[in-house]
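Novice: If you want the building blocks of each chain, they are given just below.
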Amino acid sequence: MREFWLGRLTSHSLPHDWVMVGGTATFIAMFLFAAVILTRTKRWKWLWNDWLTSVDPKKIGIMYFLVAGFMLIRGGIDVILMWLQQVLAVDGSQGILSADHYQQIFTAHGNIMVFFVAMGFIFGLINYIVPLQIGARDLASPLLNTLGFWLYVGGVVMINMFFVFGGEYAATGWLAVAPLSGIDFSPGVGVDYWIWSLQISGIGTTLGAINFIMTILKMRAPGMTLGKMPLFTWASLFSMLMAVAVFPLLTATLFLQFFDRYFGAHFFTALGGGDPMMYTNLIWMWGHPEVYILMLPAFGIFSEVVSTFSRKPIASYTANVLGMAGVSVLALSVWLHHFFTMGASSDVNAFFGLVTLVISIPTAVLFFTWIATMHKGLIRFDTPMLWFLGFVTIFTIGGVSGLVLAFPPADFQLHNSLFLVAHFHSNVIGGVLFGIFSGISYWFPKIAGFRLNERIGRNAFWCWIIGFCMSFIPMYILGIMGATRRLDHYESSTGYQPFFIIMLLGGIVIAVGLTLQIVQILASIIQRGHLRDNTGDPWNGRTLEWATASPPPFYNFTVIPHVMTRDAFLDMKRLGQFDQQYEDILIPKNTAVGIYIAILAFLVGFGFVWHINSLVVISLIGIIIIFAKRAFSEDSEYTLRAEEVEKLEAKRIAKVPAHEKEVKSLADEEDMSVWDFVRYVITFAMDIIRNKKWKTW
Amino acid sequence: MVNHKAHQAAADDRVMFGFWVYLMTDLLVFSVLFAVYAVLHGNTVGGDAGRDLFSLPLALQETILLLTSSFTCGLGLLAARSYKKWQTLICFGITFLLGALFLSLEMKEFTEFIREGQTLQLNAFLSSFFVLVGTHGLHITSGLLWMAITMAYILKRGLNAPLVRKLALLSLFWHFLDIVWIFIFTIVYLGAYS
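Top line first, the protein sequences correspond to chains A and B. Just so you know, we're using the working numbering here: the first sequence kicks off at 1 and counts up by one. Just so you know, we're using the working numbering here: the second sequence kicks off at 1 and counts up by one.
It is worth saying that the hints were derived from the structure and are not from the lab. There could be a bad hint or two in this list.
Claimed, not checked - What follows is a list of derived Cβ distance ranges for each label pair: (1) A:480 <-> B:27: 41 to 49 Å; (2) A:5 <-> B:162: 55 to 63 Å; (3) A:350 <-> B:27: 41 to 49 Å; (4) A:620 <-> B:158: 55 to 63 Å; (5) B:191 <-> A:332: 23 to 31 Å; (6) A:364 <-> B:78: 31 to 39 Å.
Just so it is clear, the structure is predicted and the values come from calculations on it, not from any experiment. By construction, the Cβ of each residue, glycine as well, lies at the ideal position given by its N, Cα and C atoms.
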């Protein structure tokens, strides 16, 4: 009976050692804190109705940002723990972590950063910006969108679940290669958590990608042909097409690995005729395109940023689009370069090495379009542009080191060394993450209705750049010296330690940068009165997202614009063509179906992790019932009358100046510095202690 | 005023397109399973090969059942498009029965294998066979479930435009499964005897 309801879950599986218990306590404390705040301010209903069940892509986008930001901090703490271990674990000392725990941490770090930070931010940005850029009011399927988001959250919870219910996380590296991840070598629940975390969020990604393809191809504003589509939308389209092409491979591969582990099948086992190398092939057929799925939207962001801040149209739009197309096609055919050492024939290695080298050509085309755009432009060096310049520098280092690795003979030497780790971090941090930061600082005024504090943003940028160089340049050197990746202990005679110390210091500088970014957002909220942007167009933007108010109303556009040229909004401004005819709008209703299905999908995964078959069956039946009910309900939209739109617009316009008067004196300076912020927070805290009202807010 | 008819037509167009994209992702899942079967089908580790296990007459029966069901499914959709309620229900009823019959034959095959000790734990060949054919069977099962629910709604609400749209998607799904089965029949069953 116990087995029926609890499977293999016992009190022994609860967390025991200090790191785990600390993590558990932190998680529970944060939830309690949030719950207390929500109860005291009576916000539960607001949270449920206005946010959690919302199908508005803008709100879903913001929720993606919040979850991904939270996970960025979580993954960042992992880094500091790992680097501290590498500094301390020399000779006799074993450092702060056991070898097993260290392995779990670097696995979790990789999974969290790729799936839940980078993917989260990218999906958030696409959600928020793409419908605005193509002049649409919503996505093709609002339901799929909320479902995709909640499945992503389900994956996030699953990957952190071992903190609460214990067991362990996978100690296999982020792709859990076979046969190490098989039941014989990893008998614990760690790999099962890994499988279900990726499976649930991966299915969410596939659904989201289908939805964005439908939206971009079928819902563009009248007049916007494919050749007039903004570049970020093009980039998103390529990225989502790739996601649709490879995420099913991940789903199938995880499914097979699950069969191996749960039912004792022999797909990837060393015994029984299984083929472990097939796992490596299949997972990298997904895994390599995955990094390009993240990279392409970042390319699109940079195209928008460079064009806006150079005050010029992008140099050769066609070359840029073709460059992205080339990258996405080639990215699908280079996966084998991840395992040149596997023992394929030299012809096979040579082919994949060459394709890998060829991929640098379309990438270089993209770079040249950006540089040519800047040439003779009137460049403004605001933070989005700074992030772009940082990207050019670091991504080039990463790209060139990638070319080194593309040669199979060189790869045989550098394979699995820290050189490789430094290479892909240059690309993922310098490319994807800087792209995300650039995009967020570029579109923040659109999302919030006020600009970000420029001064603190600059400080944060410099911390990131300096910290990055301090951390990763020593890492390249270490790689060439022969330090392998995933190293948890070494001898001092290797001479590694000084480099690891510099890396840790660099990590601390990056942490300061990240903190400054949080401070930047808080400081901007405090002085929002001053940074407020009533025009909806703070950067003299070119594309349609700037044509509507900031933040955009829930119906995005009062009137769907007609598009004539590529820089649709720029032309509207030049010609002074603004329609002010209000019309009826069909709005999709909020729905909790996404949350319910995601919870049930999570329970299916959880049941499989702990072998609780009853839970699996019950949850699956629940999913079928909810689908059957929802699919045949014919009441998912309501009409917003033109008069109501007019009223809402009048209300919104009337509200704008009223806000400005509420602002207090301390935040009045144009650009608050970090010290001003600290002073402000102390005054604010003193106010609360002296029992004054929260009047500054 | 919102033009509801145009709005609905655009929405249908999007859903149909999105469903095609979904089918392609599903096809990719099957393509992985086919590739895995192609790689592993010789790895019997001394056990029986496909030739010793599979019964071609049974596979042919299954094929005929599924192809016929695809035909009746097409007839059902034609009837639905002209809003003939009972004709639609009868056609899809026959499709459902044929599909269920197919599934029972597949179950029979699987249970016989398992009774003979030819389980998926035995070797890589059987693992890949069970998972490839079983995944198709799982799809058929969900198709049948979908069909049953849709027919229940037709009985309850009568045949209206939204339900005809659901039937169009369903029949697309059903034909898709048919195509996948033809590949299974060719590669797994006929291939074992080649």
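Novice: What hint numbers does the structure not satisfy?
Specialist: 2, 3, 4 and 6
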